[in-house]
Amino acid sequence: MTDMSVTQILFRDAEKTDAKAIAALYRLAAGGVADVVWEAFREGDEDVVEAGARRYARDGEDFSYQNCALAEARGRTVGLLHAFPMHADPDFDPSDMDPVLRPYADLEEPDSYYIAGIALRPEARGRGIGTKMLRLAELRALTRGFSKLSLIAFEENKKAVRLYERLGYRTTDSRDVVPHPFVEYDGRALLMVKAL
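Count the sequence shown with our numbering and you get residues 1 to 196, in order.
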């Protein structure tokens, strides 16, 4: 798929039947953090992507196909935008949370439209599709009445951080990444926020 331009990309809302493709793409975006979560939900001999697909097939949850948009080129899914409203939860108690996941929960920005994941297959990168997906998130945030977007990026993922900065995102907080065999990054996790 070498001839892929932004004009050949179709963006559409995900459907429940897309759950496995969503899980596979989200896994690219999450740098191993999804594997930490999904490992706990595996049933029998299923792999972590199948466990993730079951979670994304649910209705009415933040981590659901209902909060995902897919980018397609020539009928093949090449990208994912996963975003949803992030509201303050006064009852949230991070003390019982897995310590590997806690830094990401600590970095959540209340009252923002949160981009939980943006991912592109390798052959779709560097073609402006990621920028288009971030613009789609902005449009969705504005139509839902949000005045800011937020996302969490790994400081070591310098290409992604540069893209976010170029599009107006600013680092407002950070936490140390807790080492885990599944997590691909060290260093810091960055909360990046963009005012709309």
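Accuracy of the hints is not assured; some may be wrong.
Quick list of simulated restraints, FRET-style, between CB atoms [as the list claims (entries may be wrong)]:
id: 1; residue 1: Pro-99; residue 2: Asp-173; range: 15 to 21 Å
id: 2; residue 1: Arg-58; residue 2: Asp-111; range: 20 to 26 Å
id: 3; residue 1: Gly-168; residue 2: Gly-44; range: 43 to 49 Å
id: 4; residue 1: Asp-98; residue 2: Arg-144; range: 25 to 31 Å
id: 5; residue 1: Leu-142; residue 2: Arg-188; range: 19 to 25 Å
id: 6; residue 1: Leu-142; residue 2: Asp-59; range: 23 to 29 Å
id: 7; residue 1: Gly-44; residue 2: Glu-15; range: 24 to 30 Å
id: 8; residue 1: Leu-10; residue 2: Asp-59; range: 23 to 29 Å
id: 9; residue 1: Arg-12; residue 2: Asp-98; range: 29 to 35 Å
id: 10; residue 1: Phe-41; residue 2: Thr-143; range: 20 to 26 Å
id: 11; residue 1: Ala-40; residue 2: Gln-8; range: 36 to 42 Å
id: 12; residue 1: Asp-98; residue 2: Asp-45; range: 21 to 27 Å
id: 13; residue 1: Glu-39; residue 2: Asp-62; range: 16 to 22 Å
Below are the DSSO-like pairs computed for lysine-lysine, each with C-alpha atoms no more than 30 Å apart in a straight line [what the hints assert, rightly or not]:
id: 14; residue 1: Lys-20; residue 2: Lys-158
id: 15; residue 1: Lys-20; residue 2: Lys-132
id: 16; residue 1: Lys-132; residue 2: Lys-148
id: 17; residue 1: Lys-132; residue 2: Lys-159
id: 18; residue 1: Lys-159; residue 2: Lys-148
id: 19; residue 1: Lys-158; residue 2: Lys-132
id: 20; residue 1: Lys-159; residue 2: Lys-20
id: 21; residue 1: Lys-132; residue 2: Lys-16
id: 22; residue 1: Lys-148; residue 2: Lys-16
id: 23; residue 1: Lys-148; residue 2: Lys-158
Hints are computed from structural coordinates only; laboratory data are not their basis.
C-beta: ideal position from N, C-alpha, C; glycine also.
Okay, the hints, checked on the actual structure:
no. : hint                          : result
1   : Pro-99 / Asp-173: 15 to 21 Å  : holds, 18 Å
2   : Arg-58 / Asp-111: 20 to 26 Å  : holds, 24 Å
3   : Gly-168 / Gly-44: 43 to 49 Å  : holds, 45 Å
4   : Asp-98 / Arg-144: 25 to 31 Å  : holds, 30 Å
5   : Leu-142 / Arg-188: 19 to 25 Å : violated, 29 Å
6   : Leu-142 / Asp-59: 23 to 29 Å  : holds, 25 Å
7   : Gly-44 / Glu-15: 24 to 30 Å   : holds, 26 Å
8   : Leu-10 / Asp-59: 23 to 29 Å   : holds, 24 Å
9   : Arg-12 / Asp-98: 29 to 35 Å   : holds, 33 Å
10  : Phe-41 / Thr-143: 20 to 26 Å  : violated, 32 Å
11  : Ala-40 / Gln-8: 36 to 42 Å    : holds, 39 Å
12  : Asp-98 / Asp-45: 21 to 27 Å   : holds, 23 Å
13  : Glu-39 / Asp-62: 16 to 22 Å   : holds, 19 Å
14  : Lys-20 / Lys-158              : holds, 28 Å
15  : Lys-20 / Lys-132              : holds, 23 Å
16  : Lys-132 / Lys-148             : holds, 17 Å
17  : Lys-132 / Lys-159             : holds, 16 Å
18  : Lys-159 / Lys-148             : holds, 22 Å
19  : Lys-158 / Lys-132             : holds, 19 Å
20  : Lys-159 / Lys-20              : holds, 26 Å
21  : Lys-132 / Lys-16              : holds, 23 Å
22  : Lys-148 / Lys-16              : holds, 28 Å
23  : Lys-148 / Lys-158             : holds, 22 Å
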